[in-house]
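The chain contents come next:
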Amino acid sequence: MKKVIIIALLFYFNINAQTDRHKWQPVNKVYQLKQDNGRDYSLDKHSAGSFLLTGIRDIYWLTFSDLDGDNCPFHPTCSTFFVKSVKKTNIVQGALMFADRFTRDSNLFKGKDHYKRDETGKLYDPVNNYTLNEKQIIYIETGSKGKSVHEVK
Amino acid sequence: MKVNTIKYFTVFQIIFVLLNSNLIGQTTAAPTNYFSIRNRLKFGNDLFSQKDYLRAIDEYQAVLKKMRSDTLLFKIGYSYEQMKCFPKANSFYQKLLNSKSLSEIAKFEILKTNFLEGNYGKVKTLHISQDSSDNAYYPNEAKLFYSTYMLDQNELPDSSNYKLWFNEATQSEVMKFYRRKINPGYKSETLAAVLSTVVPGLGKIYVGETGDGITAFLFNSILGFLAYDNFRAHHKLRAWIFTGLTALFYGGNIYGSISAAQIYNAGIRFNFDKDFKVFLNNHNYFSPKYYFMNK
Amino acid sequence: MLNSIKYMFIAIVLSSPLRVFAQEQIDIQYKYADSLFENQQLFDAITEFKRLLFFDKEERYLFDANSKIGLSYKGGAKYNNAIFYFKKAEKYSHSEKQKYQTAVQIIRVNILRGTTERALQLLNSLERKYKSPTEIREINYWRGWAFMFADRWEEADSSFARINPNHPLKKICEEVIDNKYSVTFAKLISYILPGVGQFYTGHFVSGLMSLSWNIFWGYLTVNAFMNDRVFDGMAIGNLLWFRFYRGNYQNAEKFAVQKNISIANKALRKVQLEYKGVKP
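Chains as they are written, first to last, in this note's numbering: chain P, 1 to 153; chain S, 1001 to 1295; chain Y, 2001 to 2280.
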């Protein structure tokens, strides 16, 4: 209870706190509604491997994934997760990470309530948490709403 | 008698007013009276109390150009600290190390800004280099010093140290944290890996991800069965594809159990750190009360 | 006794230049702060207005300085702070007109901030209080803006129409309404024949591919049932045909929504760049 009050108080002070933490400049507000940027189909030309990988991903997206509806509850989606994990680690570890992600994605038995939902309602499940490098784990508090993501160092 | 006093008072007032207006007559050329040192200081203090720290700093800096004031240096440091600009705050506290009245408190604040920034190693070296006799805030510093061990991965000092430095009110809470730090209830990554190697998914169940564990078990057994079934039926190609998939998901299951254990442990550390920081915040990081700032 | 009163009177008369001078100084400070504001040095302008408020013992500038601080924060897109200071200004307003003006400012900030629901709420309560023709016109004007920012163009259109049937903003609203795609229609026709909704929004390749997948999986499903392979039929039908059928109408809906946002954004860009009237 005490903790709740403190968090509520912190939140309250946050609202009323002066935001002038730096000398800001005038801002020209652009009158635009928020638009979903959609997928990034760009090919990665840094190496032959990643070029091939992003190419295969694009073909999968264009012919299959874009047409069979919104099925993946995660953010990033499984295909993006795979590409990112391979880029971050290597093809073998990336494949293992993908197999694990695919298993978790197919989990029908228990609610996925230990993931945090992002703004669009997707379950936030970053690649960083699965590289077996403890320092990179971004631990996400569930049960609390909002965008804050806490990093454990 | 009474009338007389009023009379004298009024005469005095007239003289005063005349003198004053004379003075003003001279200063009309420079109308920026609000920018005198005194007024800037007053205005700066007002901004400071409104927590408009950046603007307060500007006023104080202008005052400091004309005169030296340790209190103002401290308040600038304090403002930066409130804005979470810890290195800047630190640099202002450093300037006070030779101050007569504020050097001890500056030393404590240097320690505290390092603590808030997460430089726990620096806090330790700073504290160890100090002598208990030459600092009135040694007990406050000691509390922060021992708190660093709660938040980093170094070996915890003996509990008697905590009993010594934390007073009655905070002692029981600190001891609770101490026990939690010693027995955090981590899940073993190795055990998770071994369990998942023996029975696919068991490691995940051990970590608490029951649903994921059952799914991993089903995936492995179905794929394994399909591989076996196709070998038996002499569908070589299909059999090898399923064998490959089984291997992938079997490996993925072991891998996933390890990472699930890691995430579980990260969660424990996260919650511990969060609770401990709430505790520190409740006690204002054991700072002394700075009455001189309100002058 | 009488004498002393005389002396006092003289004292007061003599001290009046002092007061006049203090007033002048306050005025100079206000002009200084205001010049910073005019030069778009908003952060410094706020500092100087705050300094003015601090030394303004007679509280003559309580309204002006607070509303100028609000305007400065608005210019820096710090909308929460802006509203905080406008509310302060509202509290210290000297006349009903000033009160009305700050209330309108708060509404404009809400429109810019994107909290259009709040803006509309405030407009409704303002309408109950202020009934003069110019005020009603202005309230409808900002209501139109709030509806535009809320992507509710029909209501924006009718709000502007209440001011003037030939209002330039009404024209833009009409354009948007004409150009927008019907999301329900797109979805509905894709229910009936996969891919058609995508054609409607101009996504021909996607529509064609959706149609092909649906024909392909549909054929396999039907074929399986025809050959009495019930399990295969159910598996393909459920896992693949249905998946692509659902993906098809989801896409039709998604494309229509995306197109509509693009149309709205195009109109908003036009309003921002070409419209000459007062903007929030």
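Don't read these hints as lab results, they were simulated from the structure. Possibly wrong hints are sitting among the right ones.
Said to hold, decoys possible - Residues from chain Y that face chain S, not an exhaustive set, calculated with beta carbons under 8 Å:
| hint | residue |
| --- | --- |
| 1 | Gln2029 |
| 2 | Phe2054 |
| 3 | Asn2166 |
| 4 | His2167 |
| 5 | Lys2170 |
| 6 | Phe2242 |
| 7 | Arg2243 |
Note that the Cβ used here is the ideal one computed from N, Cα and C, for glycine as well.
**Message:** Hint by hint, where does the structure go against what was stated? Just the numbers, ascending.
**Reply:** Going through the list in order, the structure violates hints 3, 4, 5, 6, 7 and respects the others.
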